[in-house]
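Novice: Heads up: the sequence shown begins at 277 in the working numbering, then just goes up one per residue.
These are computed hints drawn from the structure, not numbers from a lab. The hints are all genuine.
So the derived label-pair ranges between C-beta atoms look like this: (1) Ala673 <-> Val542: 22 to 28 Å; (2) Gly629 <-> Ser582: 16 to 22 Å; (3) Asp630 <-> Asp472: 25 to 31 Å.
Quantities reported herein were computed from a predicted structural model and do not represent experimental measurements. All residues carry an ideal CB built from backbone N, CA and C; glycine is no exception.
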Amino acid sequence: MPDRSPTTSEEPGSQPPISARSAVSIASAVRAGTVRAVDVTTDALDRIERLDRALSAFAEVWDERALECAREVDARIDAGEHLPLAGVPIGVKGRHGLRTAGPLLAAGCVPVGATSVPGPGTPWQTWGAGRYGRTVNPWRRDRTPGGSSAGSAAAVGAGLVPLATGNDGAGSVRIPAAWCGVVGLKVTNGRFPTTDPTGLMAPGVLTRRVADAAAYWGVMAGDTRPRTPEPAIPPEPAAPTALWSPDLGFASPDPEVVAVAHAATVRLAEAGVVRLVDTEHPFRLADTEHPLRLEDPAPAWLALRSPDADPSPMATVHIRAVNDRRLAALFDRTRLLLTPTAPTPPHGHEGPGDRYSTALTWAFNLSGHPAISIPAGFGPDGCPVGLHLVAAHGREAPLLAVAEAAEGVLGPWTATCTRI
Numbered sequence: 277m278p279d280r281s282p283t284t285s286e287e288p289g290s291q292p293p294i295s296a297r298s299a300v301s302i303a304s305a306v307r308a309g310t311v312r313a314v315d316v317t318t319d320a321l322d323r324i325e326r327l328d329r330a331l332s333a334f335a336e337v338w339d340e341r342a343l344e345c346a347r348e349v350d351a352r353i354d355a356g357e358h359l360p361l362a363g364v365p366i367g368v369k370g371r372h373g374l375r376t377a378g379p380l381l382a383a384g385c386v387p388v389g390a391t392s393v394p395g396p397g398t399p400w401q402t403w404g405a406g407r408y409g410r411t412v413n414p415w416r417r418d419r420t421p422g423g424s425s426a427g428s429a430a431a432v433g434a435g436l437v438p439l440a441t442g443n444d445g446a447g448s449v450r451i452p453a454a455w456c457g458v459v460g461l462k463v464t465n466g467r468f469p470t471t472d473p474t475g476l477m478a479p480g481v482l483t484r485r486v487a488d489a490a491a492y493w494g495v496m497a498g499d500t501r502p503r504t505p506e507p508a509i510p511p512e513p514a515a516p517t518a519l520w521s522p523d524l525g526f527a528s529p530d531p532e533v534v535a536v537a538h539a540a541t542v543r544l545a546e547a548g549v550v551r552l553v554d555t556e557h558p559f560r561l562a563d564t565e566h567p568l569r570l571e572d573p574a575p576a577w578l579a580l581r582s583p584d585a586d587p588s589p590m591a592t593v594h595i596r597a598v599n600d601r602r603l604a605a606l607f608d609r610t611r612l613l614l615t616p617t618a619p620t621p622p623h624g625h626e627g628p629g630d631r632y633s634t635a636l637t638w639a640f641n642l643s644g645h646p647a648i649s650i651p652a653g654f655g656p657d658g659c660p661v662g663l664h665l666v667a668a669h670g671r672e673a674p675l676l677a678v679a680e681a682a683e684g685v686l687g688p689w690t691a692t693c694t695r696i
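The task is simple: from the sequences and hints, build the whole structure.
Specialist: Written as structure tokens, this is what we have:
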């Protein structure tokens, strides 16, 4: 029988500690002087010390460095400096994650540690190697959290930190977000510098609330106006159009996963958050009779990352060209594309089987479109299922606005995993 026992524990009915609240709420309190960044950081470090042995979400914890950083944040606030993410404790993906966290630190974030990523020789990228062994899913310890941003997703899902960085080359932010029941944003490829010569990798973030992902995006994009705690953005009078696709025309997702994601999509349409395109009459694109049929991106993606892969350069060019043309036609006619985030529930630690968990995400690393995974509900196994929203290039702000409105319909999601 699978182990369904709680990964960590809190007193029944207890309020979440300040470090487990939303990033926007923490920053607002620190800016207002009602709490000090040092106190938030101390609380986060204590929570990690108590709970991470069960999760192994962190590869390293930087106690002294984090407290020194928090003292600097308090001094900057005392000097009258505006910090949009003042005192927010964050995890950074991997031991070298600080290299890309500069804008977040400038905005007042306090890095408390490096989150786990898959170790050397790992044959798949779906769980991390943390301080205490393999990283586990906070909903079921016998399941993987997804990856490769494994520790970031587990730490956020467990309420150890409200925000953790990631990067996404095939779904490495969105898949663990879906499987750990949190929000995962991948930005438009090429929007920020990357060391990935293939261009497939894009920065991203994992949070429990969409407003926190929006605050991250504002800082990274250079909009440092403060976000204050507020209700979810109401739907626009004319809801953005959206196309639902269970499989992008080529994947074979589990029916149970499709059912949960589709039910969430229907709820959003009924609430006026989106206006679904009528798929009874196919949403015809120039070269296909199907609502949306992409070429399977696997051969092209693998060829770009593995020079010895079979597909020829021309085959890779063909796949990308066809999909780019079809997606351009799609986003000329509708604002959003909705799919399940992953084709399966989180698998066990023995491995993913014969299907790529990236089947529904890596097409948008090839095409470069921004995308976000938000919690859609739970599958029969008790694990979260994600709803995947994709928008046109450079449309992160409206994508986040729709996701925040969706949170008001499907959520608000709990501050921490309900099994904790």
